[in-house]
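Chains E and S are the protein sequences, given in the same order. If you read the first sequence in this note's numbering, its first letter stands for residue 1, the second for the next number, and so on. If you read the second sequence in this note's numbering, its first letter stands for residue 1001, the second for the next number, and so on.
Each hint can be trusted.
27 Å max Cα-Cα, derived DSSO-like pairs, lysine-lysine:
1. E:LYS151 x S:LYS1139
2. E:LYS132 x S:LYS1139
3. E:LYS153 x S:LYS1139
4. E:LYS108 x S:LYS1141
5. E:LYS132 x E:LYS153
6. E:LYS108 x S:LYS1139
7. E:LYS153 x E:LYS108
8. E:LYS151 x E:LYS132
9. S:LYS1141 x E:LYS63
10. E:LYS132 x E:LYS63
11. E:LYS229 x E:LYS151
12. E:LYS151 x E:LYS108
13. E:LYS153 x E:LYS212
14. S:LYS1141 x E:LYS132
15. S:LYS1139 x E:LYS63
Hints listed in this document are in silico derivations from the structure and should not be mistaken for laboratory results.
What follows is the residue order along each chain.
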Amino acid sequence: MGVLIIRITLNRVHAIRDDWSLSASGTLDEGVHLVSGDVGSGKSTLALMIAGLFPLSGGSIEKEGITSTMLSLQFPELHVTGLTVAEECTSWGVSPDDILGTTGLTGKRDVSPLSLSRGELNRLHLACILAKNHDLLLLDEPFSSLDCEEKAKLCTRIGQTSQGITIIFTHEQEILPRVTRIWEIVDGMLVDCGTPPDAFQNWHHVPSIIEKLTALGSIPDNLSLDDLKEAACRIRG
Amino acid sequence: MQDPRIRIAAASILSIAAFISLLGALAAFLWWLVFTPRFMIVKKIRLVFSLILMIAFFSVVLELFGGNGFSYFCRMTVIILIGMWVFGEQQSGEFLNIGVWLFGTRMGFDIGLVAEMGIQSLSSVTADLDRIRIAEQIKGKRWGVHSLVPAVLVLVHGALNRAEDAAELLAVRGYRSGGTLCPVFNTGSLDRVAGLCSLGVLLCALIPVSEFFILYR
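Excised from the complex, chain E in its bound form (with noise of 0.2 Å):
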């Protein structure tokens, strides 16, 4: 039996609005990708290309072995279906219980998404969309409203993905998971960076602490909590 083969190839795929443009080239393979870039960048327009959920100006987007994709928008609410959170749990396909158990919001049961926190809201969101596996997961701009604890927590549970390609889309510089590639939108072209900790020398968005450590003659594995923490260590000996 042969392995099931799960990529994405972007073949010269283009994107062009009024006075703005985005080109991507490259192949992304399982695991998890980070893409990077400032905010405008076009990051949520390549999210949504990649979901097939925005038309190309140019080129094409060839996925081997994807049979289920899930996109996570910027902005939570805009997912909203359900008058009340378990509502909005069971319009994901996902047990009310579950969820409100593991997101701290059982008392919050019949109460409008819409009155909850943005920071509850994006727990909320995401956590329906990870209690599913996806061949292809797509989050864009995940830790926005997020604090430091929960986006440690959210850094684990993607880290605990064992199958499929998962693509992050932030500008979020601290708490990032350990990723398998790391990507760039600089001049509106996505730029593969490469593997870490090497992609490090490419990145032009490498956060400052990794930029310290490495000055320090100290360059982390890769970017999750641990890598850093690990690398702080060696410095001191």
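Guided by the hints, dock chain S onto chain E, whose structure is given.
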């Protein structure tokens, strides 16, 4: 059209002309064909199709109950096309400029600011609606009547949040009423021609053309 003063004046005149009579609507439609980017607007603002469909529904109802549904449909469609043209051509800050130009830096500034915020809110609602439809698609749901209640709740909630943010921002920046602004307008020669022609359209709507035909009969 570069000058927003002429654009808004022309749109108001054309809307009145289109509303007055079928001939006025026809003349206004011809004006729309000559002086606007026409179908580029229709392509850009897809909301126009939904609005025309809604007008078509009411026109059919009107026709069935003895009213002149056809005339209503034609007149309202032209008004919608003109409205969409104004909306599509509008640039950020134009209403503020017009408000100050018309009524000065106190009341004019306030009116312009309210208009700017209204237009901004409308743009945000349109963008949000597009994203909500995408979000429904992601959940594997089809867009339909059942989607309206949650979508409207999300849109109203978003609009209220944005209004609150804007109010807080204005308060933090010390806004009480009025402001300093020197409005600047660029008036092209085509703007003047289009403005004058819109007056011609209004004349067409006001003059009882059928009376002339009676004279020649």
